[in-house]
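A.B. asks: Sequence:
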Amino acid sequence: TFVSAYAEELLELSPAAIERDADAFINLIHPEDLPSFLTSVANAADHFLPWHWEGRIITPSGQLKWIEGNSQAQSTAEGNAWDGILVDISERKHLEAERQQAEIALRQQLQRERLIAAITQSIRQTLNLEEILQLTVDQVRQSLQSDRVIIFHFQPDWQGTVIAESVSTDWDSLLSSTFHDPCFGELYIAPYRQGRVSSIADINTEDLTPCY
1 TFVSAYAEEL LELSPAAIER DADAFINLIH PEDLPSFLTS VANAADHFLP
51 WHWEGRIITP SGQLKWIEGN SQAQSTAEGN AWDGILVDIS ERKHLEAERQ
101 QAEIALRQQL QRERLIAAIT QSIRQTLNLE EILQLTVDQV RQSLQSDRVI
151 IFHFQPDWQG TVIAESVSTD WDSLLSSTFH DPCFGELYIA PYRQGRVSSI
201 ADINTEDLTP CY
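Per our numbering, the sequence shown runs over residues 1 to 212.
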C-alpha cells in the first residue's frame, strides 16, 4: 500500500497515518455517502473491476469537500490490487449546483410567464369580474397543482370573505365563508403589502404564533 504526499493537502491526513490504518480515510466520509462508498468498494473487490466513486468528505478541520476516486484493477505477484487516485472535485460540484439552481429559476420564470399569459388571455375573454376572479384561481391552482386557491376580500376591520375559490373535490368549499383574524392587520398587512410571500410546509412543525 502506498499513499502519496497529496493526501496531506486533500484529506489533511499524513500518508503514514492512512497506510497504518485505512479507516483514517474512511472515517472522513460523509455519513450520507458512506453506504455508496462501501458498496462501490465491495463491488470492485468481489468482481475484480475498476473502481469509481464520487462523494463528500469532512476533513479534520471541518471542511466539506467533494472527491472523486478512480482506480484500475491489476494482478500482481502479491495478488489483486488497485492503482488509483483521489482528486478534489469541489469546484466542479459547486458549478454544477449553481447551474442547477439557474435552471430551476429559469423554469420557475417560464412557469410564471405562462401563468400570467393564461390569466391575461382569460381576462380578455370577459369583462365580468366574478368570471375573471374564477378564471384566475383556476389557472393558479392548475399551475401550482395545489388543493385549493382562494381570493380573500378584506374589510376595513380585517374581517373578510372568500370571494373566489378553486378547490379539489376532496375538500370542503370555503366560498362565501367569512373569517375574522384579529392579529392579521396588526402584524402582517404591512409586510404583505410590501410583497411578502409566505410558504409553510407543515403547520404542525412550523413555529407559528397562536394568533397566526
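Hints listed in this document are in silico derivations from the structure and should not be mistaken for laboratory results. Keep in mind that this is a model prediction, so the values were computed, not measured. Beta carbons: idealized from backbone N, C-alpha and C, even for Gly. Possibly wrong hints are sitting among the right ones.
To be verified - Computed list of lysine to any residue pairs in SDA-like fashion (alpha-carbon distance at most 25 Å, straight line):
no., residue 1, residue 2
1, Lys93, Pro191
2, Lys93, Ser71
3, Lys65, Tyr6
4, Lys65, His47
5, Lys93, Asn70
6, Lys65, Asp21
7, Lys65, Asp46
8, Lys65, Glu103
9, Lys93, His52
10, Lys65, Trp53
11, Lys93, Ala105
12, Lys93, Leu34
13, Lys65, Gln100
14, Lys65, Leu38
15, Lys65, Asn80
16, Lys65, Glu91
17, Lys65, Glu19
18, Lys65, Asn43
19, Lys93, Ile67
20, Lys93, Asp21
21, Lys65, Leu110
22, Lys93, Leu144
What the hints assert, rightly or not - Ranges between beta-carbon positions, derived for each pair:
no., residue 1, residue 2, range
23, Ser90, Thr161, 51 to 61 Å
24, Val87, Gln125, 53 to 63 Å
25, Asp46, Glu98, 17 to 27 Å
26, Ala117, Val41, 44 to 54 Å
27, Asp46, Asp147, 46 to 56 Å
28, Cys183, Val87, 51 to 61 Å
29, Ala97, Asp23, 22 to 32 Å
30, Asn43, Leu208, 43 to 53 Å
31, Gln155, Leu64, 45 to 55 Å
32, Gln159, Gln125, 30 to 40 Å
33, Ser90, Cys183, 20 to 30 Å
A.B. asks: Can you list which hints this structure breaks, lowest number first?
C.D. replies: 1, 4, 7, 15, 20, 21, 22, 25, 33
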